[in-house]
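2 protein chains.
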Amino acid sequence: MKVVSELAPARAELEKLARPLGFVPTMGALHAGHLRLVEAARETCKSVAVSLFVNPMQFGPQEDFERYPRDVESDSEKLAQAGIDLLFAPETAAIYPPDFTTFVDVGKLGTRFEGAARPTHFRGVATVVAKLLNIVRPDVLFVGQKDAQQTAVLTKLVEDLNFTTRVEIVETVREPDGLALSSRNAYLSGEERAAAPTLHAALQTMLKEIRAGKTVEEAREAAAAVLSPRARLEYLNLVDARTFSRLQTLRAPAFLIGAARFGRTRLLDNLWIWK
Amino acid sequence: MKVVSELAPARAELEKLARPLGFVPTMGALHAGHLRLVEAARETCKSVAVSLFVNPMQFGPQEDFERYPRDVESDSEKLAQAGIDLLFAPETAAIYPPDFTTFVDVGKLGTRFEGAARPTHFRGVATVVAKLLNIVRPDVLFVGQKDAQQTAVLTKLVEDLNFTTRVEIVETVREPDGLALSSRNAYLSGEERAAAPTLHAALQTMLKEIRAGKTVEEAREAAAAVLSPRARLEYLNLVDARTFSRLQTLRAPAFLIGAARFGRTRLLDNLWIWK
Numbered sequence: 001m002k003v004v005s006e007l008a009p010a011r012a013e014l015e016k017l018a019r020p021l022g023f024v025p026t027m028g029a030l031h032a033g034h035l036r037l038v039e040a041a042r043e044t045c046k047s048v049a050v051s052l053f054v055n056p057m058q059f060g061p062q063e064d065f066e067r068y069p070r071d072v073e074s075d076s077e078k079l080a081q082a083g084i085d086l087l088f089a090p091e092t093a094a095i096y097p098p099d100f101t102t103f104v105d106v107g108k109l110g111t112r113f114e115g116a117a118r119p120t121h122f123r124g125v126a127t128v129v130a131k132l133l134n135i136v137r138p139d140v141l142f143v144g145q146k147d148a149q150q151t152a153v154l155t156k157l158v159e160d161l162n163f164t165t166r167v168e169i170v171e172t173v174r175e176p177d178g179l180a181l182s183s184r185n186a187y188l189s190g191e192e193r194a195a196a197p198t199l200h201a202a203l204q205t206m207l208k209e210i211r212a213g214k215t216v217e218e219a220r221e222a223a224a225a226v227l228s229p230r231a232r233l234e235y236l237n238l239v240d241a242r243t244f245s246r247l248q249t250l251r252a253p254a255f256l257i258g259a260a261r262f263g264r265t266r267l268l269d270n271l272w273i274w275k
Numbered sequence: 276m277k278v279v280s281e282l283a284p285a286r287a288e289l290e291k292l293a294r295p296l297g298f299v300p301t302m303g304a305l306h307a308g309h310l311r312l313v314e315a316a317r318e319t320c321k322s323v324a325v326s327l328f329v330n331p332m333q334f335g336p337q338e339d340f341e342r343y344p345r346d347v348e349s350d351s352e353k354l355a356q357a358g359i360d361l362l363f364a365p366e367t368a369a370i371y372p373p374d375f376t377t378f379v380d381v382g383k384l385g386t387r388f389e390g391a392a393r394p395t396h397f398r399g400v401a402t403v404v405a406k407l408l409n410i411v412r413p414d415v416l417f418v419g420q421k422d423a424q425q426t427a428v429l430t431k432l433v434e435d436l437n438f439t440t441r442v443e444i445v446e447t448v449r450e451p452d453g454l455a456l457s458s459r460n461a462y463l464s465g466e467e468r469a470a471a472p473t474l475h476a477a478l479q480t481m482l483k484e485i486r487a488g489k490t491v492e493e494a495r496e497a498a499a500a501v502l503s504p505r506a507r508l509e510y511l512n513l514v515d516a517r518t519f520s521r522l523q524t525l526r527a528p529a530f531l532i533g534a535a536r537f538g539r540t541r542l543l544d545n546l547w548i549w550k
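Sequence lines, in order, name chains A and B.
The C-terminal position of the first sequence is numbered 275 in our numbering, with every residue numbered one higher than the one before it.
The C-terminal position of the second sequence is numbered 550 in our numbering, with every residue numbered one higher than the one before it.
I should point out that these hints are in silico values taken from the structure, not numbers from a laboratory.
Where hints are given, some of them may not hold.
[As the list claims (entries may be wrong)] Straight-line distance between alpha carbons at most 27 Å, and here's what the computed DSS-like set of lysine-lysine pairs gives: (1) B:K383 - A:K16; (2) B:K291 - A:K46; (3) A:K16 - A:K46.
[Unchecked claim] Over the 12 Å line for every Cβ pair with chain B, so calculated as not near, a few chain A residues: (4) P20; (5) K46; (6) D75; (7) D99; (8) L132; (9) R174; (10) G178; (11) L188; (12) P197; (13) L247; (14) T249; (15) T265.
[Said to hold, decoys possible] Simulated DEER-style distance windows between Cβ atoms: (16) A:P119 - B:R526: 20 to 28 Å; (17) A:K108 - B:Y510: 49 to 57 Å; (18) A:G263 - B:R526: 51 to 59 Å; (19) A:T44 - B:D374: 24 to 32 Å; (20) A:E217 - B:R521: 42 to 50 Å.
Each residue gets a CB set at the ideal place from its N, CA and C atoms; glycine is no exception.
Whole structure, please, built from the sequences with the hints as guidance.
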């Protein structure tokens with residue numbers, strides 16, 4: 001595994017890699033969910049590149065950019081063991097030089113749900129991924145289902161700006177008790193951690209109720225009853241998988257999405273309904 | 276010369292072209308200025324692709340999108356004669372499908388001067404060129420000095436989003452009386468056409484005065500006196516060539532930029548000061 005932090009050497013190394021080239025963009029703090037993305041990339045591509053960059057542009061001013069977990073050494077080891085070909089780990093100034101001003105915005109989709117809670121978040125995501133696609137030029141981009149709205153934003157980015165990269169969504173990896181893996185799980189106290197799997201349980205209940213013929217409204221009530229009293233629910237919704245507009249009846253591909261706070265930590269989860 | 280209007284066949288044809296590939300994006304209504312861009316591309320590249328697309332996204336709601344001059348047949352003939360390899364002439368729906376929502380914005384630079392007069396103009400330019408760069412994947416992008424702020428916007432787009440394309444600015448072609456060639460010159464009445472070259476004369480006067488040690492303010496007054504009374508002056512300014520922020524003293528690379536209305540027609544001109 002080559003490790004490169006500067007753009008020009010990264011491009012030179014990337015040009016040597018066999019095609020198809022799979023690419024997994026990450027913010028580090030790697031867990032089994034990220035490694036599942038790498039595994040999926042290795043299964044279908046001849047080479048795999050991973051980026052490790054905590055992207056300041058996708059954090060709001062009051063958010064956890066500074067305290068976001070960072071452990072480059074342990075991340076590098078995991079990726080070397082996972083058998084990737086190239087790790088691109090740039091400094092912030094290499095991606096955002098002082099006179100950087102451009103942004104990419106996918107429009108309405110980026111203003112819903114997570115975009116409403118975090119107004120500049122998806123603009124930051126779309127911008128950094130547009131840059132990374134131009135630096136890495138991968139054939140396939142691997143993204144995790146866990147960040148469902150992000151998968152829709154990146155699919156839209158690629159389609160609307162005519163990138164030739166294909167977007168592949170990889171299923172969420174969960175703890176045995178159902179909690180979706182997330183770097184932010186590290187923030188949870190013992191009690192919050194014990195309560196956190198009820199978000200997944202709530203989504204499962206909601207889907208069962210919808211499939212049983214209940215309205216979204218009725219199903220949401222049943223789901224909320226399953227959620228731990230420790231959780232501060234933000235939303236539970238059935239949405240179109242591409243536009244994230246709300247659905248009143250099940251029509252695949254869809255996501256059942258949920259967000260809730262456990263203490264200071266905001267967790268997301270979803271069920272992907274593809275048929 | 277191949278002529279292609281659909282994206283997939285365009286990509287297939289473009290892949291066959293020898294590198295380096297030069298690219299000249301146009302909105303048609305081709306004149307000698309465009310053909311000079313093609314000539315510059317042929318001088319330094321092994322293949323040349325031209326796009327012909329009147330981009331609705333860069334026109335404001337009150338602007339001349341509908342009446343913008345269109346003559347695809349005559350344009351094709353000129354380009355075939357100029358010896359280009361590929362003409363990409365897509366329909367609007369191929370570039371902007373019904374669910375298209377994404378935009379690219381270069382920030383502050385795009386809000387100054389032409390961006391102040393036409394608030395969504397440079398967002399439209401940056402978005403369509405980002406798309407065209409991903410479709411055509413050229414080694415060199417040729418843009419005309421005449422649209423000076425556009426050259427800065429596209430340079431910024433390429434740098435900030437890490438496109439590997441190099442931007443080459445090609446000098447303005449002028450009528451014998453100094454009027455910069457522009458598709459919009461076709462709108463001018465006889466009297467307006469006679470008055471129009473005074474915009475270029477005013478810029479020349481302004482540069483002479485600045486070089487003689489006058490302040491920008493003094494030089495602007497001298498320049499305004501040269502302008503035809505038929506002209507409604509919008510601005511005359513000395514700006515940094517990359518940021519388009521105003522300069523009080525000459526510091527290359529810079530542009531001396533001017534905009535004025537002749538009847539209903541808004542004309543631009545500039546002098547490029549590279550040393």
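Is the claim that T265 of chain A lies outside the interface with chain B correct, judged by CB distances over 12 Å? holds (31 Å)
Taking 12 Å as the cut and beta carbons as the points, is G178 of chain A off the interface with chain B? Correct as stated: the minimum Cβ-Cβ distance to chain B is 34 Å, above 12 Å.
Could you check the hint for me, namely that P119 of chain A and R526 of chain B are 20 to 28 Å apart, CB to CB? violated (38 Å)
R174 of chain A remote from chain B - nearest C-beta pair above 12 Å: holds (32 Å)
Distance rule for D75 of chain A, whose beta carbon must clear each one in chain B by more than 12 Å: holds (23 Å)
Against the range 42 to 50 Å, how does the distance between the Cβ atoms of E217 of chain A and R521 of chain B compare: consistent or not? Given range 42 to 50 Å: violated, Cβ gap about 57 Å.
G263 of chain A and R526 of chain B, beta-carbon distance inside 51 to 59 Å? holds (54 Å)
Should the label of L247 of chain A as a non-interface residue stand, given a Cβ cut-off of 12 Å to chain B? Since the minimum Cβ distance to chain B is about 16 Å, L247 of chain A lies beyond 12 Å and the statement holds.
Minimum Cβ separation between P197 of chain A and chain B greater than 12 Å? The claim holds: P197 of chain A sits with its nearest Cβ about 35 Å from chain B, beyond 12 Å.
Pairwise beta carbon distance, T44 of chain A to D374 of chain B, judged against the given window 24 to 32 Å: Since T44 of chain A and D374 of chain B have Cβ atoms about 27 Å apart, the given range 24 to 32 Å holds.
Is the Cβ of L132 of chain A farther than 12 Å from every Cβ of chain B? violated (8 Å)
Is the hinted range of 49 to 57 Å satisfied by the C-beta distance from K108 of chain A to Y510 of chain B? violated (35 Å)
In summary, the numbered hints that this structure violates are 1, 7, 8, 16, 17, 20.
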